[in-house]
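**Q** Let the sequences and hints guide you as you build the complete structure.
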Amino acid sequence: LQGRLFDDRGNRMTPVLAKKNGASYRYYVSCVLAQGRKAEAGSVRRVSAPEIEAAVLTALRRAHPAHADADDRALIERAVSRIELRQGALLITHGEHGDPLT
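Going by the numbering used here, the sequence shown opens with residue 5, and the numbers climb by one from there.
Everything labelled a hint here was simulated from the structure, so no lab data went into it. In this text, a Cβ means the ideal position worked out from N, Cα and C, and glycines have one as well. One or more hints might be untrue.
Said to hold, decoys possible - Beta-carbon label-pair distances, calculated as ranges: (1) GLN6 <-> ALA74: 31 to 41 Å; (2) ALA43 <-> ALA74: 19 to 29 Å; (3) LYS24 <-> ASP73: 35 to 45 Å; (4) SER85 <-> SER28: 37 to 47 Å; (5) THR62 <-> LEU21: 19 to 29 Å; (6) ARG30 <-> ARG86: 19 to 29 Å; (7) ALA74 <-> GLY7: 14 to 24 Å; (8) ASP73 <-> ASN25: 15 to 25 Å; (9) ASP76 <-> ALA43: 32 to 42 Å; (10) GLY26 <-> HIS71: 33 to 43 Å; (11) LYS24 <-> SER47: 23 to 33 Å.
**A** Now the structure itself:
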């Protein structure tokens with residue numbers, strides 16, 4: 005999802021890897037947080053990478069059953085141009101002129 009995920013204020017979400025007690029955790033974090041501009045972040049500032057990736061793939065597979073045999077990366081590259089992360093919802097824009105998928 006790197007390069008396609010944004011918060012609801014239009015800030016790009018950046019992948020981050022954190023380690024704690026030997027365990028690794030992947031997140032997407034609003035890029036303005038790393039720049040110390042906390043007030044400019046959207047309503048969702050950080051999200052678990054596995055959870056958001058699973059939610060996006062579930063929505064895409066429901067919306068594009070004809071691509072059921074495509075691997076995850078190919079499906080995302082083919083069907084997603086932008087994902088806006090909102091409180092309680094995702095707005096997935098697929099294709100250049102397609103209707104958004106919520």
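**Q** For each hint, tell me whether it holds in the structure or not.
**A** How the hints compare with the structure:
1. GLN6 <-> ALA74: 31 to 41 Å: Since GLN6 and ALA74 have Cβ atoms about 19 Å apart, the given range 31 to 41 Å is violated.
2. ALA43 <-> ALA74: 19 to 29 Å: violated (40 Å)
3. LYS24 <-> ASP73: 35 to 45 Å: For LYS24 and ASP73 the Cβ distance comes to about 37 Å; the hint holds.
4. SER85 <-> SER28: 37 to 47 Å: violated (29 Å)
5. THR62 <-> LEU21: 19 to 29 Å: holds (23 Å)
6. ARG30 <-> ARG86: 19 to 29 Å: holds (20 Å)
7. ALA74 <-> GLY7: 14 to 24 Å: Cβ of ALA74 to Cβ of GLY7: about 19 Å, so the range 14 to 24 Å holds.
8. ASP73 <-> ASN25: 15 to 25 Å: violated (39 Å)
9. ASP76 <-> ALA43: 32 to 42 Å: Since ASP76 and ALA43 have Cβ atoms about 35 Å apart, the given range 32 to 42 Å holds.
10. GLY26 <-> HIS71: 33 to 43 Å: Holds - the Cβ-Cβ distance for GLY26 and HIS71, about 38 Å, lies within 33 to 43 Å.
11. LYS24 <-> SER47: 23 to 33 Å: Roughly 25 Å apart at Cβ, these two residues keep to the hinted range, so it holds.
Hint check: violations occur at hints 1, 2, 4, 8; the rest are consistent with the structure.
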